[in-house]
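Given the coordinates of chain A, assemble chains B, C and D onto it according to the supplied hints.
Protein chains: 4
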Amino acid sequence: MPAEPIYDIAHLGHIEMLTNKPEASLDFFTRVFGLIESGRTDDSVYLRAFDDYEYHSLKLTAAKTTGIRHVAYRAASPEALERRVKAIEALGAGIGWRDADEAHGPAYRFHDPDGHEFEIYYETRRYQPGPDARPALKNQAHRTPNRAIAPRRLDHLNLLAKDVDAIRRFLPQALGSRVTEMIQLDDGALGGCWFTCNNKSYDVAYTRDMANGHGRFHHVTYAVDQREHILQASDIFLENGVHIETGPHKHAVQQTFFLYVWEPAGNRIELANAGARLILAPDWEPVVWTEAERRKGQAWGLKTIESFHTHGTPPVAEQ
Amino acid sequence: MPAEPIYDIAHLGHIEMLTNKPEASLDFFTRVFGLIESGRTDDSVYLRAFDDYEYHSLKLTAAKTTGIRHVAYRAASPEALERRVKAIEALGAGIGWRDADEAHGPAYRFHDPDGHEFEIYYETRRYQPGPDARPALKNQAHRTPNRAIAPRRLDHLNLLAKDVDAIRRFLPQALGSRVTEMIQLDDGALGGCWFTCNNKSYDVAYTRDMANGHGRFHHVTYAVDQREHILQASDIFLENGVHIETGPHKHAVQQTFFLYVWEPAGNRIELANAGARLILAPDWEPVVWTEAERRKGQAWGLKTIESFHTHGTPPVAEQ
Amino acid sequence: MPAEPIYDIAHLGHIEMLTNKPEASLDFFTRVFGLIESGRTDDSVYLRAFDDYEYHSLKLTAAKTTGIRHVAYRAASPEALERRVKAIEALGAGIGWRDADEAHGPAYRFHDPDGHEFEIYYETRRYQPGPDARPALKNQAHRTPNRAIAPRRLDHLNLLAKDVDAIRRFLPQALGSRVTEMIQLDDGALGGCWFTCNNKSYDVAYTRDMANGHGRFHHVTYAVDQREHILQASDIFLENGVHIETGPHKHAVQQTFFLYVWEPAGNRIELANAGARLILAPDWEPVVWTEAERRKGQAWGLKTIESFHTHGTPPVAEQ
Amino acid sequence: MPAEPIYDIAHLGHIEMLTNKPEASLDFFTRVFGLIESGRTDDSVYLRAFDDYEYHSLKLTAAKTTGIRHVAYRAASPEALERRVKAIEALGAGIGWRDADEAHGPAYRFHDPDGHEFEIYYETRRYQPGPDARPALKNQAHRTPNRAIAPRRLDHLNLLAKDVDAIRRFLPQALGSRVTEMIQLDDGALGGCWFTCNNKSYDVAYTRDMANGHGRFHHVTYAVDQREHILQASDIFLENGVHIETGPHKHAVQQTFFLYVWEPAGNRIELANAGARLILAPDWEPVVWTEAERRKGQAWGLKTIESFHTHGTPPVAEQ
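Chains as they are written, first to last, in our numbering: chain A, 1 to 319; chain B, 1 to 319; chain C, 1 to 319; chain D, 1 to 319.
The shape of chain A in the complex, shown without the other chains:
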């Protein structure tokens, strides 16, 4: 039976993505994908969508490989942050505190069971638009860009894990997340699990890593306001030679209208729209999908493309 929602965690804050083609990746994210640069350090560029209220939602870091370095959630209050730290320490998953940086205050770091690094912070740096970025409507973080692709905000990410059941046990205890949907394989193990810490239907999904890696990344997703914007984006990706992996189409799981592309270094990026769907029920029962049901493909019959099951970053040698 679902427990009462905890809500110590307010929302997914940002991810740090690694790229071994930093110039090409930055060009993709800013010129094609419509993110906006807030600032940069030696190795990293801070990026955000036009209505992300914080300094950044994507830290793009030059590296020798791809994938992600860390995932960050913002706590609901200083007290909520403390509660989460205690819970995580009790789980033996903690790494320790990291000092404030240009983007947010002190953050508590920990690992999930597959080795992905997470951090939680409360104090943050709000984005302050300069004169050229000030929106006409003051309830918006940044003016609406005149771009066919202009995501509104960070939506969720998808991580790979060898043992999704372990994640399912861990994340509700560590972050207070709820499970909203999951895929139960015929062998009894979970093939995928979708979690949320608020009213979005998910902010992180884990799917089984079929390769011999750990801490790997499947994709990050930005939300657009309307499905039509994803159709427009498809043309822009086509015009710019971006690899469109699959979509646009509608997922059966979570009903997300999706489009997946690969940025130049190979990290998978999604544009998505959830319509008016939210998880408002405090006692939402996880929706369980079987292998047989998933074999039907996506909502309108599209067969899931093979690379969607096999491609993650960083790449690993095939088993």
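Please note that the accuracy of each hint is not assured.
Taking lysine to any residue and the SDA-like style, the derived pairs with C-alpha atoms no more than 20 angstroms apart in a straight line are [to be verified]: (1) A:K303 x C:K303; (2) A:K138 x D:L238; (3) C:K296 x A:I6; (4) C:K303 x A:H251; (5) D:K303 x D:E291; (6) B:K138 x A:V288; (7) D:K138 x C:E293; (8) A:K138 x B:R277; (9) D:K138 x D:R126; (10) D:K138 x C:R69; (11) D:K296 x B:E306; (12) A:K303 x C:K138; (13) B:K162 x B:G191; (14) A:K303 x A:P264; (15) C:K64 x C:D43; (16) D:K296 x B:G94; (17) C:K138 x D:Q184; (18) B:K296 x D:I244; (19) A:K138 x B:Q255; (20) B:K303 x B:A292; (21) B:K162 x B:R143; (22) D:K138 x A:L238; (23) B:K86 x A:E4; (24) A:K303 x C:G297; (25) A:K296 x B:A136; (26) A:K21 x A:D186; (27) C:K162 x C:T290; (28) A:K296 x C:K303.
Label-pair distances were calculated between CB atoms; the ranges are [stated by the list, open to error]: (29) B:P286 x C:P129: 48 to 54 angstroms; (30) D:K138 x C:E306: 52 to 58 angstroms; (31) A:M210 x C:T30: 44 to 50 angstroms; (32) C:G297 x D:R126: 26 to 32 angstroms.
Hints were generated in silico from the structure; no laboratory data involved. Ideal placement from N, C-alpha and C gives every residue a C-beta, glycine not left out.
Just chains B, C and D, lined up with the frame of chain A:
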């Protein structure tokens, strides 16, 4: 400074709307507006949108007048319900408990400062689709209707109040709601105030009642998945002789894409779409609009129609 | 070099489709697909989209098999009809005149080189809406239905032919059609050819029949006003157990946004949207696609599904 | 009774617009409105939408005033051009031939009864995209811009005239245009008249000039693929301080989904979408609207804004 969100209240559950033209109103809500009947008693019909997970979100009750009889919120847990009851009793606003009925468990009743009746409940009756209503995708409450107007879920309501400042003090204490936006009139009083108890940008708005009434109703809103669905709905309202009051257009406040119509008894009904906009920041600072700013009209310049300021239900004698 | 457009033919008028499951097919076209019945005879039901101005655009006829019995074009004037009859007789393709029936005046019949039967007529029966069908806006043939699937008008059809080059020579002479796009196979033959007799980018396409048949049918297409309507339709097909073959996606050829389903008897039906694309240039040069280009799949990378190349109606024994 | 369509004229080709704020106007059309520069001469810049196949659809010319200098239509063939010249000469409206320029071949000039200058040409300069402008799909003139506002093609224009009835008699004789809709005032005169020379529902509209001018301009319209694109454009105009005069909304006449703005010099510009609506009937009977019908406002009830009746370019002293 904003306090930590409380989240004792999960979401707006339903409203009870009064109609003195019950047959015409029911015909509007089911044949034109796309709500679905769950059941009925002598004087009331229980209606819901296709993805409302509870038995109903609109109780349509035959009466000698119009407006609403009560507004109901669902608590996040039995404990959260108890906390809210204590808080409301401490405010001296409580009425007392009402027994369970066909739609949900025991509910605690209270009045807001303008005299609107509210109730809070936790135990509820989930909608159970029969064979003809079962959706193809099991993460949805009811099959998607083949209708040009098919709202997904109840979104919010708008009440009128003589003293909006009193409401602004009351609702955060009673329900733990946060204020997300407000209109500050030149005389210092609030002209409007938007509240939320979750990540939606608002679930109830109050605007100043210029007439000599109390406990009056401005509108109730259902959410559709895409803005285009509101454009389609406009044609359907036109074809069915429904009074379109204003829209479709985009509000400056909250950026909602809206369309307002009157059901046959005169209650105002809105279809709306918020795109991907959510209030995720736990420390969201209320956006304050001035009278001068509001005089600019809606987001894209539409002048607010006079009846929008004057028409509420039930009607009152002009002052 | 393109000749001056002829414009003797005003537009595609209707097709007669055969079904060996007449009740199920009629249920599909009216209850799910949103066509409207104008009338019926013993074996046929006359159907139309809400803004088709003639009595019908689809004659659905009970038969022992599937596919189509005839395709009908409306001439621009009585004189234009006479000119076409002479041209067709000169080609040796004529069958002769058919008397007026309940739907239109006398029609001249002929065969295309693959054996499909065509007819051309000028006098027609305009659809006259009764009180319940009268639109709110008088520049529309029938009121807008309150349906998620409500095609506006017949758009085009796709026929199969053993020798597409023969069709390419024939149709411009017979109907005055122009070729707007075509697929040139590596062996020099045409794999597909798109024709128009007006400003639409095509009203009939022919693609190579890989099976041992003749006079076969690939699909008929109705146009909706917006791409979003096709996304909505996808959900409705899913809810109603309709076989979605492929889509929604965007064709590279002609850039049509498409969705293909099979009606219960197996005839393929498309919903499509062309955006604002029209062929206005009087000297439009046919766009020629190579096999290599077509192997890239559809516009956004969707691989063309195998059945799209093999399934036609009526079915034929495999070679 | 409608005559057989003539089709000597293929389509509206371009207009020459005058601006007394050439830099600001050019900035509007290219940076905000999404037109693309093809080239320039001393006083003029040639602009086009991304799928306009000719060198330009808008010639923006620096001048001491605003409004338009000429309207150009492309003939269907050299012979069709000759036929039109003869017809126009017979009407006594001809001015004479103009030599070829950088944009198209020799053009025959004439005046309409209100003094607007028109020209007809056949030979034209097709737009040839350079490497950076080459589209991914070869059936398109120019790559799709990554812009929220990116019109596909020139759609139509609206001129003002003292005597719309005179225009109604003239244009079918001069261009072979058909009347598709019109407004009949209570005094028997025409208040507005919509004409087409092809399958678009109109390519030019004339409405009565209430001021003491002649040869004045009401607006020019570019078409976008989807209505949602017009909603997006509204935000972009808002962000860029562009005067939004009215819309987005749907016209009752012609059912066009519209948005009107003023470019910096005061010329009115429209973005529009017609959905799948076309005039395919060769014997289309003009739809006649009465004053009483027009008083109902636009399709969904929006009252027509006063400036829409009074503002034209160039401005004239009030009577």
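Hints, verified against the model:
1. A:K303 x C:K303: holds (11 angstroms)
2. A:K138 x D:L238: Answer holds: A:K138 to D:L238 is near 12 angstroms, not above 20 angstroms.
3. C:K296 x A:I6: Status violated; Cα separation ~49 angstroms.
4. C:K303 x A:H251: holds (18 angstroms)
5. D:K303 x D:E291: Answer holds: D:K303 to D:E291 is near 14 angstroms, not above 20 angstroms.
6. B:K138 x A:V288: With Cα atoms ~9 angstroms apart, B:K138 and A:V288 stay inside 20 angstroms; holds.
7. D:K138 x C:E293: Roughly 10 angstroms between the alpha carbons, so the hint for D:K138 and C:E293 holds.
8. A:K138 x B:R277: holds (14 angstroms)
9. D:K138 x D:R126: holds (14 angstroms)
10. D:K138 x C:R69: With a Cα-Cα distance of about 35 angstroms, the restraint between D:K138 and C:R69 is violated, given a limit of 20 angstroms.
11. D:K296 x B:E306: Judged against 20 angstroms, a Cα distance of about 17 angstroms means the pair holds.
12. A:K303 x C:K138: violated (44 angstroms)
13. B:K162 x B:G191: holds (10 angstroms)
14. A:K303 x A:P264: violated (25 angstroms)
15. C:K64 x C:D43: holds (12 angstroms)
16. D:K296 x B:G94: violated (48 angstroms)
17. C:K138 x D:Q184: holds (14 angstroms)
18. B:K296 x D:I244: holds (12 angstroms)
19. A:K138 x B:Q255: With Cα atoms ~10 angstroms apart, A:K138 and B:Q255 stay inside 20 angstroms; holds.
20. B:K303 x B:A292: holds (13 angstroms)
21. B:K162 x B:R143: Violated, at roughly 42 angstroms.
22. D:K138 x A:L238: Measuring from Cα to Cα gives roughly 12 angstroms; hence the hint holds.
23. B:K86 x A:E4: At roughly 19 angstroms apart (the allowed maximum being 20 angstroms), A:E4 and B:K86 satisfy the hint.
24. A:K303 x C:G297: Given pair A:K303, C:G297 holds - Cα atoms ~15 angstroms apart, limit 20 angstroms.
25. A:K296 x B:A136: holds (12 angstroms)
26. A:K21 x A:D186: violated (40 angstroms)
27. C:K162 x C:T290: Within the cut-off at roughly 19 angstroms; holds.
28. A:K296 x C:K303: holds (17 angstroms)
29. B:P286 x C:P129: 48 to 54 angstroms: Holds: the Cβ-Cβ distance is about 52 angstroms, inside 48 to 54 angstroms.
30. D:K138 x C:E306: 52 to 58 angstroms: Violated, at about 26 angstroms.
31. A:M210 x C:T30: 44 to 50 angstroms: holds (47 angstroms)
32. C:G297 x D:R126: 26 to 32 angstroms: holds (29 angstroms)
Against the hints set out earlier in the document, violations occur for numbers 3, 10, 12, 14, 16, 21, 26, 30.
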